[in-house]
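**Q** Please put together the full structure from these sequences, using the hints given.
Heads up: the sequence lines are chains A and B, in that order.
The opening residue of the first sequence carries number 1 in the working numbering; numbering runs sequentially from there.
The opening residue of the second sequence carries number 160 in the working numbering; numbering runs sequentially from there.
I should point out that these hints are in silico values taken from the structure, not numbers from a laboratory.
These numbers were taken from a predicted model, which means no experiment stands behind them.
Heads up, some of the hints might be wrong.
[Claimed, not checked] With a straight-line Cα cutoff of 27 Å, these simulated DSSO-like cross-link-like pairs (lysine-lysine) come out:
hint	chain 1	residue 1	chain 2	residue 2
1	A	LYS19	B	LYS166
2	B	LYS219	B	LYS208
3	B	LYS170	A	LYS143
4	B	LYS244	A	LYS6
5	A	LYS143	B	LYS166
6	A	LYS19	A	LYS6
7	A	LYS6	A	LYS128
8	A	LYS92	A	LYS39
9	B	LYS219	B	LYS190
10	A	LYS128	B	LYS244
11	B	LYS190	A	LYS19
12	A	LYS92	A	LYS19
13	A	LYS39	A	LYS128
14	A	LYS39	B	LYS219
15	A	LYS143	B	LYS215
16	B	LYS219	A	LYS128
17	A	LYS6	B	LYS227
18	A	LYS19	A	LYS39
19	A	LYS143	A	LYS39
20	A	LYS19	B	LYS208
21	B	LYS215	A	LYS19
22	B	LYS215	A	LYS128
23	A	LYS39	B	LYS208
24	B	LYS219	A	LYS19
25	B	LYS244	A	LYS92
26	B	LYS166	A	LYS39
27	B	LYS190	A	LYS128
[To be verified] Selected chain B positions facing chain A (Cβ under 7 Å, derived; list incomplete):
hint	residue
28	ASP175
29	THR213
30	ASN214
31	GLN216
32	LEU220
33	ALA222
34	THR223
35	ASP224
36	LYS227
37	LEU245
For every residue, glycine included, the Cβ atom is placed at its ideal position computed from N, Cα and C.
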Amino acid sequence: MNNGEKILTIQTSRFGEVKIDECVILEFVSPIIGYNNHKFFALIDYSADSPFKWLQSTHDPELAFAVTLCSYFNIDYQFELSDENAETLGIKDANDILALNIVTIPHECPQNATINLLAPIILNTETKQAMQVILHDQNFEIKHPLFQNKDEYEMCSIG
Amino acid sequence: MLILTRKTNQKLIINDNIEITVLEVNGNAVKIGINAPSDVSIYREEIYKEIQETNKQAQKLDATDVAKIAGIDKTKTKSFDIISKLKK
Numbered sequence: 001m002n003n004g005e006k007i008l009t010i011q012t013s014r015f016g017e018v019k020i021d022e023c024v025i026l027e028f029v030s031p032i033i034g035y036n037n038h039k040f041f042a043l044i045d046y047s048a049d050s051p052f053k054w055l056q057s058t059h060d061p062e063l064a065f066a067v068t069l070c071s072y073f074n075i076d077y078q079f080e081l082s083d084e085n086a087e088t089l090g091i092k093d094a095n096d097i098l099a100l101n102i103v104t105i106p107h108e109c110p111q112n113a114t115i116n117l118l119a120p121i122i123l124n125t126e127t128k129q130a131m132q133v134i135l136h137d138q139n140f141e142i143k144h145p146l147f148q149n150k151d152e153y154e155m156c157s158i159g
Numbered sequence: 160m161l162i163l164t165r166k167t168n169q170k171l172i173i174n175d176n177i178e179i180t181v182l183e184v185n186g187n188a189v190k191i192g193i194n195a196p197s198d199v200s201i202y203r204e205e206i207y208k209e210i211q212e213t214n215k216q217a218q219k220l221d222a223t224d225v226a227k228i229a230g231i232d233k234t235k236t237k238s239f240d241i242i243s244k245l246k247k
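**A** Listed below in structure tokens is the structure:
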């Protein structure tokens, strides 16, 4: 099933012990801002149907970010990746580029969830290299609301 | 802190491979050009700090808060299959 891929076990504070395929480990060639000492994160499923995945540090059980795809929330999101960033990530084919956005959800106030459009996590799906890129001069918000209004939230939330 | 005075179009060289040029001075605004290798990160301080703060808040997230909105599927597209992309 795994074609000889290596399965690793990592410790997480949120999900306990998690088994991951080596190929989901991303190497941050430029750090998540403020987390310079954390180079390796695994992209893990929260649940298969969830629009959110987790970027879980492979070294620090407590360090994890919820990420999503803009397309999942119908957010119009187009930007130009600079040549410098493409070079840092070793991008050879534009199809290998994937942008994930970090989500912030205030505790007990999920209706106020926001998504960081200004500084996406860009990854090279071929080499598994990743970085947090700042899209200078492209007018994106750091805290873009995930829900445009209350109705939208109520339609979408569960429980 | 090292303090140097430069005129418009004069440069600073840092470490043999970073070149900083004062392009224009207009009142209290200074336009600066930077040539640096691609692995050197350059940020505007206030934006850097804001992103750092947002990242800090984001990583405090607990799984139950995420679960509360995990039912969202505005596009009605089924799975969000980035993990298999990595497994190709």
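**Q** CA of LYS39/A to CA of LYS128/A, is that 27 Å or under?
**A** holds (12 Å)
**Q** Using 7 Å as the Cβ threshold, decide whether LYS227/B counts as touching chain A.
**A** Holds, about 4 Å.
**Q** Between LYS219/B and LYS190/B, is the straight-line Cα distance small enough, at 27 Å or below?
**A** violated (37 Å)
**Q** Is the shortest C-beta separation between LEU245/B and chain A less than 7 Å?
**A** holds (5 Å)
**Q** Hold the hint about THR213/B up to the distance rule: shortest CB distance to chain A must be less than 7 Å.
**A** holds (5 Å)
**Q** Hint check: LYS19/A vs LYS6/A, CA-CA at most 27 Å. Holds or violated?
**A** holds (10 Å)
**Q** Does THR223/B hold up as a contact with chain A if the rule is Cβ-Cβ below 7 Å?
**A** Given a least distance of 9 Å, the restraint on THR223/B is violated.
**Q** Is the interface hint satisfied for ASP175/B? The criterion is a beta-carbon contact with chain A at less than 7 Å.
**A** Check failed: Cβ of ASP175/B comes no nearer than 18 Å to chain A, outside 7 Å.
**Q** With the threshold set at 27 Å, check whether the alpha-carbon distance from LYS6/A to LYS227/B stays at or below it.
**A** Since the Cα atoms of LYS6/A and LYS227/B sit roughly 33 Å apart, the hinted pair is violated (cutoff 27 Å).
**Q** Checking one constraint from the list: CA of LYS6/A to CA of LYS128/A, max 27 Å. Satisfied?
**A** holds (15 Å)
**Q** Under the criterion that the straight-line Cα-Cα distance not exceed 27 Å, is the pair LYS143/A, LYS39/A satisfied?
**A** holds (25 Å)
**Q** Under the criterion that the straight-line Cα-Cα distance not exceed 27 Å, is the pair LYS244/B, LYS6/A satisfied?
**A** Holds. LYS244/B to LYS6/A sits at ~17 Å (cutoff 27 Å).
Violated hints, in rising order: 1, 3, 5, 9, 11, 12, 17, 20, 26, 27, 28, 34; the structure is consistent with all others.
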